[in-house]
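Visitor: Sequence:
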Amino acid sequence: MGINHWPEGERPREKLLAFGPQTLSDAELLAIFLRVGVKGRSAVDLARDLLTSFGGLRPLMEADQVAFCAARGLGSAKYAQLQATLELSRRHLASQLARGNALTSPALVRHYLTSQLRHLGHEEFAVLFLDTQHRIIRYESLFRGTLDSASVYPRDVAKRALELGAGALILAHNHPSGVAEPSDADRRITDRLKDALGLFDIRVLDHFVVGDGEVVSFAERGWI
0 MGINHWPEGE RPREKLLAFG PQTLSDAELL AIFLRVGVKG RSAVDLARDL LTSFGGLRPL
60 MEADQVAFCA ARGLGSAKYA QLQATLELSR RHLASQLARG NALTSPALVR HYLTSQLRHL
120 GHEEFAVLFL DTQHRIIRYE SLFRGTLDSA SVYPRDVAKR ALELGAGALI LAHNHPSGVA
180 EPSDADRRIT DRLKDALGLF DIRVLDHFVV GDGEVVSFAE RGWI
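Start counting the sequence shown at 0; every next residue gets the next number (numbering that gives the first Met the number 0).
I should point out that these hints are in silico values taken from the structure, not numbers from a laboratory.
Even for Gly, the Cβ is constructed at its ideal location relative to N, Cα and C.
Possibly wrong hints are sitting among the right ones.
Said to hold, decoys possible - List time: in silico BS3-like cross-link candidates among lysine-lysine, alpha-carbon distance up to 30 Å:
{"hint": "1", "residue 1": "Lys38", "residue 2": "Lys14"}
{"hint": "2", "residue 1": "Lys158", "residue 2": "Lys193"}
{"hint": "3", "residue 1": "Lys38", "residue 2": "Lys77"}
{"hint": "4", "residue 1": "Lys77", "residue 2": "Lys14"}
To be verified - Pair ranges (Cβ atoms, derived):
{"hint": "5", "residue 1": "Tyr152", "residue 2": "Asp130", "range": "39 to 45 Å"}
{"hint": "6", "residue 1": "Arg154", "residue 2": "Gly54", "range": "41 to 47 Å"}
{"hint": "7", "residue 1": "Lys38", "residue 2": "Pro58", "range": "24 to 30 Å"}
{"hint": "8", "residue 1": "Arg154", "residue 2": "Ala106", "range": "28 to 34 Å"}
Take the sequences, apply the hints, and build the full model.
Guide: Here it is in structure tokens:
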């Protein structure tokens, strides 16, 4: 039986409009995104099949184009639609941060940095450049690859901060292993950047390490 023949209170779209998106299961939310099922399977059935085959919502959302498009009921159009949706979410978070003081919204900063870095299969080092009132100027990824004290260049970070007129910044990088615990190299990089940027009166306010479901703050650890 198609979803259109279900009782109205059980249809995902109607449930969302009546009770809010937080009341829907992963399969129901995914069914709204899919819009239609395949022969013999409703959109909700298909959503459940996909969640099972990919191992959950996150692996599905972060699947590469080849794996995503190869799945039954998906394809390049759905992949493009998903990527556009994810990018809209990231830009919405960025616009929320840009309107306020980053230090008064630590949860929003964590959420934004997680959205930018958690899904990456490689290590990436990024910076939130802030003005003297700690409002966001720009987020930029500056270094990519295995990070150690030799691969993150303080002069490049300082140069970009001066170009943007930044008075402070927040450092961030991800651990593709999923373990957010900072390494000794992470602490050395942070100390070198603090010392170099301090010469230009630019403050390093925090360094976030993004893992799988966890984000570690250097400031909270008392390391900055």
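Visitor: Now, for every hint given, state plainly whether the structure supports it.
Guide: Against the structure, the hints come out as follows:
no.	hint	verdict
1	Lys38 to Lys14	24 Å, holds
2	Lys158 to Lys193	14 Å, holds
3	Lys38 to Lys77	18 Å, holds
4	Lys77 to Lys14	23 Å, holds
5	Tyr152 to Asp130: 39 to 45 Å	23 Å, violated
6	Arg154 to Gly54: 41 to 47 Å	43 Å, holds
7	Lys38 to Pro58: 24 to 30 Å	25 Å, holds
8	Arg154 to Ala106: 28 to 34 Å	33 Å, holds
Hint compliance for this structure: hint 5 alone is broken.
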